[in-house]
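*Asks:* Here is how the chains run, residue by residue.
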Amino acid sequence: MDAAERLAPVITGALTWPQICEQYPDQWVCVVDIQWAEPRMFHFRNARVVGHGTTRREPLVQARPWRDRYPEIGHFFTGKIIAPFPRFFA
Amino acid sequence: MKNETHFDPDADLIVVNATIRGPRGSTVVRMAIDTGSAATVIVPDVLDEIGYSARDGTARTSVTTAVGKEHGFLLKVAELEALGFTLPAFTVNVFELANRYGIEGLIGLNFLERFNYEIRSAEGHILVEKVAP
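Those protein sequences? They're chains A and B, same order as listed.
90 is the number that our numbering gives the last residue of the first sequence; the numbers go up by one with no jumps.
1133 is the number that our numbering gives the last residue of the second sequence; the numbers go up by one with no jumps.
Treat the hints loosely; a few may be bogus.
[What the hints assert, rightly or not] Covered stretches of chain B (chain A as the covering partner; in silico rule of three or more C-beta atoms under 8 Å from a C-beta of chain A):
hint	region
1	1004 to 1011
2	1022 to 1028
3	1097 to 1107
4	1110 to 1122
[To be verified] Here are the in silico distance ranges between beta carbons for each label pair:
hint	chain 1	residue 1	chain 2	residue 2	range
5	A	A83	B	R1060	25 to 31 Å
6	B	A1054	A	P18	35 to 41 Å
7	B	Y1117	A	W36	18 to 24 Å
8	A	H43	B	K1069	25 to 31 Å
9	A	H43	B	L1127	17 to 23 Å
10	B	R1060	A	R69	14 to 20 Å
11	B	K1002	A	W36	15 to 21 Å
12	B	V1131	A	I11	41 to 47 Å
13	A	R69	B	G1068	30 to 36 Å
Everything labelled a hint here was simulated from the structure, so no lab data went into it.
Small disclaimer: the values here were computed from a predicted structure and weren't measured.
No residue lacks a Cβ here, since even glycine has one placed at the ideal position from N, Cα and C.
Next comes chain A alone, as it looks inside the complex (with noise of 0.2 Å):
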């Protein structure tokens, strides 16, 4: 067990996109109970937040004592997207 599983699971009140970034800024969060503007918008009206961390699987680890209770949980990155990546498969 590691040092994210360790720590009592955490959910924060409903939060929009712009204040999650504000409070977790360029890290990776966890979300769940989603509330969606409309359907397939880009960013949600808002969101708790159940896990959070600079890397991709700490939020996910945070995260997984309320899998049960939101069989959806949303996966962020709150800092700006960038490219490149690889491109060519074989």
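Given the coordinates of chain A, work out where chain B should sit on it, guided by the hints.
*Replies:* Here is chain B on its own, set in the frame of chain A:
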């Protein structure tokens, strides 16, 4: 029927939300539309959390990058939902992408080829229409 999906027009990439469903739940992630990639790619951490592992892989794959050849594996996920459509039993290439890119995968041609699509970059949305079988 055309589905309209929104993306952030200020981002470096065309990134949309996608939902991956597995045996232990589902995760909403952000994936880049990549018409230069034959395969749809998802990072392993996300798939681990919804109940998949390398043992579920069906074949090893390799990716040629600027720094050499790196390895991943093919995996069939229960469902991948993106751009307003849900594809069951969909094969993805499980492959690591650097944290700093801020995305969990790429929507490649094995997803996109099933549709006609129109990317309206300045307006920040993509129109997608299923191709008749």
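*Asks:* Each hint: holds or not?
*Replies:* Do the hints match the structure? See the list:
1. Here the region 1004 to 1011 of chain B counts 6 residues with a CB under 8 Å from a CB of chain A, which clears the bar of 3, and the coverage holds.
2. Judged by the Cβ-Cβ criterion of 8 Å, the region 1022 to 1028 of chain B is covered by chain A as claimed, because 5 of its residues qualify and three suffice.
3. With 9 residues carrying a beta carbon less than 8 Å from a beta carbon of chain A, the region 1097 to 1107 of chain B meets the three-residue requirement, and the given coverage holds.
4. As drawn, the region 1110 to 1122 of chain B meets chain A at 0 residues by the rule of a beta-carbon pair under 8 Å; below three, the given contact is violated.
5. For the hinted restraint 25 to 31 Å between A83 (chain A) and R1060 (chain B), the CB-CB distance of approximately 26 Å keeps it satisfied.
6. Remark: the range hint 35 to 41 Å for A1054 (chain B) to P18 (chain A) is upheld by a beta-carbon distance near 38 Å.
7. Checked against the hint of 18 to 24 Å, the pair Y1117 (chain B) and W36 (chain A) passes, with Cβ atoms roughly 21 Å apart.
8. For the pair H43 (chain A) and K1069 (chain B), the supplied restraint of 25 to 31 Å is violated, since their beta-carbon distance comes to about 37 Å.
9. Against the hinted window of 17 to 23 Å, the Cβ-Cβ separation of H43 (chain A) and L1127 (chain B) comes to about 19 Å, which satisfies the hint.
10. Taking 14 to 20 Å as the suggested C-beta distance range, the pair R1060 (chain B) and R69 (chain A) does not conform, at roughly 36 Å.
11. Between K1002 (chain B) and W36 (chain A) the CB atoms are about 19 Å apart, so this pair conforms to the stated range of 15 to 21 Å.
12. The supplied range of 41 to 47 Å is met by V1131 (chain B) and I11 (chain A), whose beta-carbon atoms lie about 42 Å from each other.
13. In this structure the supplied range 30 to 36 Å is violated for R69 (chain A) paired with G1068 (chain B), their Cβ-Cβ distance being about 43 Å.
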